[in-house]
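Asks: Go by the hints and put chains B and C onto chain A.
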Amino acid sequence: MDFITVIDYFGTFAFAISGVRLAAAKNFDLFGAYVVGFVTAVGGGTLRDLMLDVTPFWMGQPSYVIITGLALLFVIIFRKYVVRLDNTFFIFDAIGIGLFTVVGVECSIAAGFPVWVNIIMGAITGAAGGMFRDIFINEVPLIFRKDIYAVACVCGGIVYYLCLLMELPQVFVQVISALAVIIVRLLSVKFGISLPSLKPEDQ
Amino acid sequence: MDFITVIDYFGTFAFAISGVRLAAAKNFDLFGAYVVGFVTAVGGGTLRDLMLDVTPFWMGQPSYVIITGLALLFVIIFRKYVVRLDNTFFIFDAIGIGLFTVVGVECSIAAGFPVWVNIIMGAITGAAGGMFRDIFINEVPLIFRKDIYAVACVCGGIVYYLCLLMELPQVFVQVISALAVIIVRLLSVKFGISLPSLKPEDQ
Amino acid sequence: MDFITVIDYFGTFAFAISGVRLAAAKNFDLFGAYVVGFVTAVGGGTLRDLMLDVTPFWMGQPSYVIITGLALLFVIIFRKYVVRLDNTFFIFDAIGIGLFTVVGVECSIAAGFPVWVNIIMGAITGAAGGMFRDIFINEVPLIFRKDIYAVACVCGGIVYYLCLLMELPQVFVQVISALAVIIVRLLSVKFGISLPSLKPEDQ
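Chains as they are written, first to last, in my numbering: chain A, -14 to 188; chain B, -14 to 188; chain C, -14 to 188.
Everything labelled a hint here was simulated from the structure, so no lab data went into it. Do not take every clue at face value.
One copy or two, either will do: identical chains are not told apart, so a pair holds if it fits within one copy or between any two.
[Stated by the list, open to error] Pairs of lysine-lysine residues, derived as PhoX-like cross-links and limited to a Cα-Cα distance of at most 20 Å, are as follows:
id, residue 1, residue 2
1, K131, K175
2, K11, K184
3, K65, K11
4, K184, K131
5, K65, K184
Being a predicted model, the structure only gives us computed values, none of them experimental.
Bound conformation, chain A alone (with noise of 0.2 Å):
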């Protein structure tokens, strides 16, 4: 198990914790629980797969669904103390978008498209997990409202091509355009940095 795999894992575990912890805030059951931590962790690149007609990625070995109820449970024995780890999941949660960021930009090009389908791949990827959550639990999806999100998933597709134009070796693409996605989410949350909104037609 290489370096790459075990930030993944440690992605969709924060994926999914945080899937299992807004279910609960909702009452959902178990089960209910289980599964949006589930879309939560492998929505988005289960759309990208579709999208590029490749089986869904999880659908080859079990550990996403495996990672998923290991959130589940670790919820449910740890629910008191959960919330003063919020920080904690916080930077695997932005490590997981970082991360996901590029395997869906590699997904892409993997497929044969061109530069602007990869970096959108990667934006799906990263954030659209977080969305279908939102749409489960009948909520407004709140990467369209708060924070630098998406946004820094972009900026790591971005990052990556202006790396590939250097022609860097492979591995320092995937960790520049990772860590950019990372940079430019952490640095939005810590200064509060969020996109302008629109204002209503009204106003």
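Replies: Chains B and C in isolation, oriented as in the chain A frame:
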């Protein structure tokens, strides 16, 4: 038209009825009610087929489109009496999820996936239609909060494999695993058994 | 760039504008508004292409991504005047669904499906984008409750086949069936015609 097909059509009818009735409760127009009924009936199998990369099953023959139309007609004509038939629909619905689960497991086996994917595909086939229905009518999906529903599908998928292990003939495998779903579903409703819910963190 | 392409782009623009404006009314940020605009414009065709098992149409050329960006820019710049253009947008939108319906029917024909599937694919292409838009902004889909919308698409699909039966040249078939959608849509709004709704059972 064999026995399985008859059951499949009754299950589709029961699913479509549940979609049409919930749409009516939200004042949808006739077309909207039809769409919600159709999505409830075929949504689970469609998501399964997209993930297995085969053509959605309902596109192969017009039966499902027609049965949904009959369900809409049925609700329009027998609107005042339909409530009294709740128990009948409940039975059909339970039989429907039992059969849909078996169909889903077998589609996934035919596509060459491993056991755990097949069980998930069975559960998606049986339960995802109701989930889409609730998203369309803008409610928190019921299957995440009440009753044993998707869990019954998972049980059926596991029973399917236990029967395979015992090397029972195919038709016994199908009937026993469908019955497992139906029995779990009926008993859970009869005795008011539901999964515990995750308590929100602030309690 | 031929005439059909010009109309396609204007239709896309009108669809994207409707998504962006509704997102603005819900205080989405700029990125969220862009995503909702994009999903409104390309969501129907994407669902169609996933079910027909072809690559989503917008992944073949960047036009749709760019047009959605222009729509966002347009709403930002002309925010105060955009309400006055409601009638103009309505016309573009009606032309858009007419054209989208024809495109959807023809994609489905090209993929070798029977008549009734083609008509459904036409309706999905014309109407599903607006449905996704409403799910994203957490509203009950408008097309299920008000006006003749998806039904106009279905009418257009049927007219398409009547024209084929009359062995009209291809371009006439396209124009007449698109016009059928547009006329049904405009007349239903002008005269306030809508489908009856199913009365809830307790009334």
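Asks: Give a verdict on every hint.
Replies: Taking the hints in turn, this is what the structure says about them:
Taking CA atoms no more than 20 Å apart as the test, K131 paired with K175 passes inside one copy only; the shortest distance there is 13 Å, against 39 Å between copies. In the homo-oligomer, the alpha carbons of K11 and K184 lie at most 20 Å apart only across protomers (9 Å), although the nearest pairing inside one protomer, at 30 Å, exceeds that limit. Taking CA atoms no more than 20 Å apart as the test, K65 paired with K11 passes inside one copy only; the shortest distance there is 17 Å, against 34 Å between copies. In this homomeric assembly, K184 and K131 come within 20 Å of each other (Cα to Cα) only inside a single copy, at 15 Å, whereas the closest approach across copies is 26 Å.
Proximity of K65 to K184 under the C-alpha cut-off of 20 Å is restricted to the inter-copy arrangement: shortest distance 10 Å between copies versus 39 Å within a copy.
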